[in-house]
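**Q** Listed here are the chains, written in short residue letters.
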Amino acid sequence: MSSEDDFMSGMSSDEDDVLQESENEEGSADDFGFDEPEPDLGFSQKEDVQKKKKIFDVNFKVYQPKDIQAQQDDLIDEVNMILDIRKEDAAILLRHFRWNKERLIEDYMDRPKRVLEAAGLGTNVAGPPKLEVIPGFCCDICCEDEPGLKSFAMKCGHRFCVTCYNQYLAQKIKEEGEAARIQCPAEGCKRIIDAKSLDLLVTADLQQRYHELLTRTYVEDKEHLKWCPAPDCQNAIECGIKKKDLDRVVPTVVCDCKHRFCFGCILSDHQPAPCELVKRWLKKCADDSETANWISANTKECPKCNSTIEKNGGCNHMTCRKCKHEFCWMCMGLWSEHGTSWYNCNRFEEKSGSEARDAQAKSRVSLERYLHYYNRYANHEQSAKLDKDIYNKTERKMTQLQSASGMSWIEVQYLNSASQALQTCRQTLKWTYAFAFYLARNNLTEMFEDNQKDLEMAVEALSEMFEKNVQELAEPKLKVEIMDKTSYCNKRRVILLADTADNLANGVWSWGIDF
Amino acid sequence: MAFASKRLGKELAKIHGSLPPGITLVTAEGFQEWLLDIQVLDANPIYMNKTFRLKFKFSPSYPIEPPEVTFLNTADRPVPMHPHIYSNGIICLDLLGQQGWSPVQNVESICMSLQSMLTGNTKNERPEGDEQFVASNRRRPRDIDFYYHDNTV
Ligand SMILES: [Zn+2]
Ligand SMILES: [Zn+2]
Ligand SMILES: [Zn+2]
Ligand SMILES: [Zn+2]
Ligand SMILES: [Zn+2]
Ligand SMILES: [Zn+2]
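Line by line, the protein sequences are chains A and B. Under full-length UniProt numbering, the residue at position 78 of the first sequence is numbered 78, and the numbers go up by one with no gaps. Under full-length UniProt numbering, the residue at position 77 of the second sequence is numbered 77, and the numbers go up by one with no gaps.
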């Protein structure tokens with residue numbers, strides 16, 4: 001391990017394998033270089049592609065709940081020592097200052113009284129919080145005054161019975177989801193309840209919920225921290241990309257739970273398209289969904305015999321069951337012509353100027369143009385789903401394959417790599433079509449479309465191999481082919497993303513439609 | 001209901017004993033809904049010689065949760081004109097919302113707050129967008145996020 005990694009090793013388990021080692025390296029904030037492991041490479045190329053820094057990847061770190069707790073505890077300890085105040089108070093002050101330790105210390109040194117007042121701590125007297133029985137006490141909430149009634153008051157002196165405090169806190173925590181800023185129940189009192197007092201007053205399950213909510217505010221208050229949006233995932237991601245950077249970089253991050261998402265907008269990975277473009281595109285698709293719906297339908301008619309064909313795999317190469325006609329699902333053209341002229345399938349040929357002069361034709365052209373890109377976008381989305389279905393079936397095939405061919409579990413993992421490559425590449429391809437929709441036509445665009453075409457061809461070729469049955473998959477020759485295609489797909493994806501990100505970072509893309 | 005009814009029982013006992021001038025209990029049957037009348041005591045021309053009827057609705061977790069308080073509109077009990085009171089009787093007052101509410105408050109203190117809110121008012125008008133709000137609102141008062149931008153009125 002390098003010295004840098006040693007420094008960070010407290011944040012990650014040392015059991016991480018060698019491939020993951022570089023993941024925890026931190027770079028400067030303006031460096032978009034990366035060290036994230038590519039999740040989906042064929043075995044053959046894994047090593048060398050992995051080590052290279054890529055312009056389209058950002059530095060980030062994954063934190064588990066215990067890491068987030070530890071970070072907060074460290075800050076609290078620091079403030080507790082520097083300012084010589086109770087840990088509970090340090091925690092309240094830090095939350096009040098949205099975890100900006102430097103500002104807190106500076107302000108506190110300047111005028112401690114005002115800071116304490118503003119944070120709801122008022123004048124402070126030392127001593128741990130405790131429940132008391134005060135003779136003659138009457139609770140202002142329930143109006144109970146029976147002797148022996150246990151009550152509690154914070155430093156502000158507003159005293160209420162334990163039952164009322166418990167009910168009040170339960171309402172705040174469970175119903176209103178509050179934690180960091182729960183005030184004293186007394187009217188107009190700004191005193192904020194601290195964790196130690198709270199633990200004294202509520203049941204264990206509420207304590208747990210309260211601390212969960214407190215932890216959430218830590219992440220929500222920090223610009224460089226975000227929760228992983230995957231359901232049931234409790235991890236947070238740290239990334240230095242700021243809002244103002246989002247027109248120059250697409251910050252895709254990968255959680256330990258494998259979820260790939262954009263740190264900028266929390267949506268699923270949408271490289272190479274920048275967040276704002278994605279937002280506009282999704283809105284457009286939602287607005288135009290009625291027009292576009294018919295296109296994304298899952299059935300089409302064979303161009304030769306008109307029998308209905310249902311797309312059942314991710315591949316665009318369709319063979320009509322009835323007449324054996326082979327055609328392209330995307331453009332409905334002859335498949336035999338696609339080996340070399342796939343080009344016609346990814347680029348929308350702009351209509352001639354004479355046609356565009358007519359206003360009606362113009363609006364038709366713009367609709368057709370949109371549908372061209374939408375069709376391809378939706379197709380990859382759909383195909384990715386179908387590829388996944390096929391993979392789920394393939395998992396069963398992998399088991400059969402092991403017994404049929406004598407291959408070990410490790411030896412059939414190439415199918416897993418191929419499936420992951422298909423998913424990731426289709427996700428990228430999908431967004432290249434949204435991206436292209438907004439692009440103005442120039443020679444940069446041509447390069448982009450060439451890259452897009454290369455990736456598309458690689459993906460379709462792999463997708464087709466992937467649909468083979470167990471007998472065919474058992475052939476050693478096909479295994480080698482699939483592994484080669486897998487690494488080729490990943491390579492094409494890297495090239496496309498690197499080129500696009502480079503131009504985005506340099507601000508040289510020109511847009512035909514503003515987003 | 002045990003929590004709310006215990007407290008409301010005690011409030012009721014106190015109310016039967018005495019209430020501040022201008023506040024009278026109409027009905028308090030059970031611990032779910034009470035009606036009270038209020039009057040503005042000084043010579044504010046907007047509210048002179050008028051009586052207004054308040055409806056209180058309590059949830060089982062009262063007074064931890066605020067009660068739902070609205071003005072009723074009947075033949076002899078109009079909804080008072082005020083820039084924070086909509087013509088359907090819904091009141092925009094921070095102490096009745098989750099943020100401004102304190103469980104130390106009670107029926108009597110709410111009546112007094114509303115009384116003084118009317119006493120100090122000089123504007124014979126409804127809140128902005130009253131018509132639209134009244135026409136479109138289907139939510140209960142407690143679920144509305146009022147923006148308490150002006151507590152001086
Ligand atoms: Zn009590
Ligand atoms: Zn207090
Ligand atoms: Zn996750
Ligand atoms: Zn984004
Ligand atoms: Zn056919
Ligand atoms: Zn085609």
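None of these hints come from the bench; they were simulated from the model. Wrong hints could be hidden among the right ones.
As the list claims (entries may be wrong) - Lysine to aspartate or glutamate pairs mimicking EDC-like chemistry, simulated, CA-CA at most 20 Å apart:
#, chain 1, residue 1, chain 2, residue 2
1, A, 174, B, 11
2, A, 242, A, 223
3, B, 14, B, 37
4, A, 283, A, 146
5, A, 468, A, 395
6, A, 54, A, 502
7, A, 222, A, 368
8, A, 87, A, 199
9, B, 14, A, 464
10, B, 10, A, 502
11, A, 397, A, 467
12, B, 57, B, 131
13, B, 10, A, 145
14, A, 279, A, 247
15, A, 324, A, 464
16, A, 155, A, 199
17, A, 243, A, 223
18, B, 57, A, 175
19, A, 393, A, 467
20, B, 6, A, 199
21, A, 130, A, 110
22, B, 6, A, 145
23, A, 101, A, 84
24, B, 10, A, 146
25, A, 491, A, 454
26, B, 6, A, 223
27, B, 14, A, 146
28, A, 101, A, 144
29, A, 242, A, 84
30, B, 14, A, 502
31, A, 190, B, 65
32, A, 190, B, 94
33, A, 453, A, 499
34, B, 50, B, 125
**Q** Each of the hints needs a verdict: does it hold here or not?
**A** Against the structure, the hints come out as follows:
no.: 1; hint: A:174 to B:11; result: violated, 27 Å
no.: 2; hint: A:242 to A:223; result: holds, 8 Å
no.: 3; hint: B:14 to B:37; result: holds, 17 Å
no.: 4; hint: A:283 to A:146; result: violated, 62 Å
no.: 5; hint: A:468 to A:395; result: holds, 13 Å
no.: 6; hint: A:54 to A:502; result: holds, 10 Å
no.: 7; hint: A:222 to A:368; result: violated, 44 Å
no.: 8; hint: A:87 to A:199; result: holds, 14 Å
no.: 9; hint: B:14 to A:464; result: violated, 82 Å
no.: 10; hint: B:10 to A:502; result: violated, 73 Å
no.: 11; hint: A:397 to A:467; result: holds, 11 Å
no.: 12; hint: B:57 to B:131; result: violated, 25 Å
no.: 13; hint: B:10 to A:145; result: holds, 11 Å
no.: 14; hint: A:279 to A:247; result: holds, 12 Å
no.: 15; hint: A:324 to A:464; result: holds, 17 Å
no.: 16; hint: A:155 to A:199; result: holds, 16 Å
no.: 17; hint: A:243 to A:223; result: holds, 9 Å
no.: 18; hint: B:57 to A:175; result: holds, 19 Å
no.: 19; hint: A:393 to A:467; result: holds, 10 Å
no.: 20; hint: B:6 to A:199; result: violated, 26 Å
no.: 21; hint: A:130 to A:110; result: violated, 32 Å
no.: 22; hint: B:6 to A:145; result: holds, 12 Å
no.: 23; hint: A:101 to A:84; result: holds, 14 Å
no.: 24; hint: B:10 to A:146; result: holds, 14 Å
no.: 25; hint: A:491 to A:454; result: holds, 10 Å
no.: 26; hint: B:6 to A:223; result: violated, 47 Å
no.: 27; hint: B:14 to A:146; result: holds, 18 Å
no.: 28; hint: A:101 to A:144; result: violated, 43 Å
no.: 29; hint: A:242 to A:84; result: violated, 34 Å
no.: 30; hint: B:14 to A:502; result: violated, 76 Å
no.: 31; hint: A:190 to B:65; result: holds, 18 Å
no.: 32; hint: A:190 to B:94; result: holds, 15 Å
no.: 33; hint: A:453 to A:499; result: holds, 14 Å
no.: 34; hint: B:50 to B:125; result: holds, 16 Å
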